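Please put together the full structure from these sequences, using the hints given.
Listed below, chain by chain, are the residues.
There are 2 protein chains.
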Amino acid sequence: MQETVFASIYKEIFPFWEAISDADREYICQNSYHIAYPKGKNIHNGSECSGVIFVRSGSLRLYMMSDEGKDITLYRLHKGDLCMLSASCVLETITFEVLVDAELDSQCCVVDGPAFAAVSKRNPDIRIFALETALSRFSDVMWVMQQILFMSMDKRLAIFLSDESARTGSDTISLTHGQIARYIGSAREVVSRMLKYFAGEGIVEVSRGGVTILDKKRLRELAL
Amino acid sequence: MQETVFASIYKEIFPFWEAISDADREYICQNSYHIAYPKGKNIHNGSECSGVIFVRSGSLRLYMMSDEGKDITLYRLHKGDLCMLSASCVLETITFEVLVDAELDSQCCVVDGPAFAAVSKRNPDIRIFALETALSRFSDVMWVMQQILFMSMDKRLAIFLSDESARTGSDTISLTHGQIARYIGSAREVVSRMLKYFAGEGIVEVSRGGVTILDKKRLRELAL
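Protein sequences, first through last, are from chains W and D. My numbering numbers the first residue of the first sequence as 6 and each following residue consecutively. My numbering numbers the first residue of the second sequence as 6 and each following residue consecutively.
The set of hints was computed from the structure by calculation and includes no laboratory data. It is possible that some hints are incorrect.
It does not matter which identical chain is meant; a pair holds if it fits inside one copy or across any two.
Simulated pairs of lysine-lysine, DSBU-like, Cα-Cα distance not exceeding 30 Å [claimed, not checked]: (1) K126 - K16; (2) K201 - K160; (3) K46 - K222.
This structure is a prediction, so every number in the text was calculated from the model and none was measured.
And the structure:
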């Protein structure tokens, strides 16, 4: 009973689930499917309506790409997260193009885009949920933008980590986030969040003992 | 009859106006006010809930600012536009801070933020309208981000000069290099250097009064 499986998942993740009709619940389940994306697979490309993707395991990466092939990570989705920007037919006001890749082997379940759009048209609660989910990512994207544009915080942190590693002759920088923040003239919260961003990119690993550099080449590129 | 004036404005701009109760319409009008902002006035700063601002004349600029005072224009609002990001209490998922200045003398009418939030809680149509209005700006901001992060500076400057010339209907852009830099999210030195390069190529002429476009065709080619 595939549909029972979907219903039990959706009951957990969709706050509107109990408020909509039996027929709409059934319709959503009938237009859902399970899918396994292998690591590295491109799942969504640009403005097509790939559907609403729920991550059951693994990790997806949302990013933008320039004509020259340069890309910038906007944010990642992990277990329990929902990807709404991949359902452009639900969100007519979104006109920019994002790409989504599976960053790890990922198990997902997907509600078909046009089907989700159809039920959201007749249920304001679903529409509000979809809009709020999409809008909440706006803040994440603005954060990335602010860091990269204003502070060159990625650059400053990369320079500091490179220099410190060269100075001590070790790949591990044994400093707290607060100490690093003081060195580069920033706030602890900002450093922690940027280190998390670096870790997500596979550039460093953050542990109790400090920060370990995993990818010197990319760190050096960021520091340029 | 102030309230009649507001009602006639809101009838035009709020698609939900006829669908809500008389009491809610009255409540919105009672919590509205007219205001004239002089050119240069800061209207909204950060995360306070300034309200929903409707531009009746003039122009508002939304921007982000770094700790060092560098700013980046996200978008502008003109006659007939509505500013929703200034009503952070309506949009709980928005956690970043924007600033809004009057760029020209501007006549606006404002619905008090908490009042708008209150009616939007009991009217899904209002909530959907607020979310869609905010989300539609997400695309504008992503466009700016793409311009700044991905595009080369010559292209950015060429686009700005072309757009500004088209907007004002004049070949001369009467702005300082510092002002242009702020508009395109760059540094004054970078803009000056690029303008010198453009001047060397015979594309523009730089004078005390500003920048005059000499070769529109090449400028347009650069902007492609």
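Hint by hint, here is what the structure shows:
| no. | hint | result |
| --- | --- | --- |
| 1 | K126 - K16 | both (20 Å within a copy, 23 Å between copies) |
| 2 | K201 - K160 | both (15 Å within a copy, 28 Å between copies) |
| 3 | K46 - K222 | within (24 Å within a copy, 42 Å between copies) |
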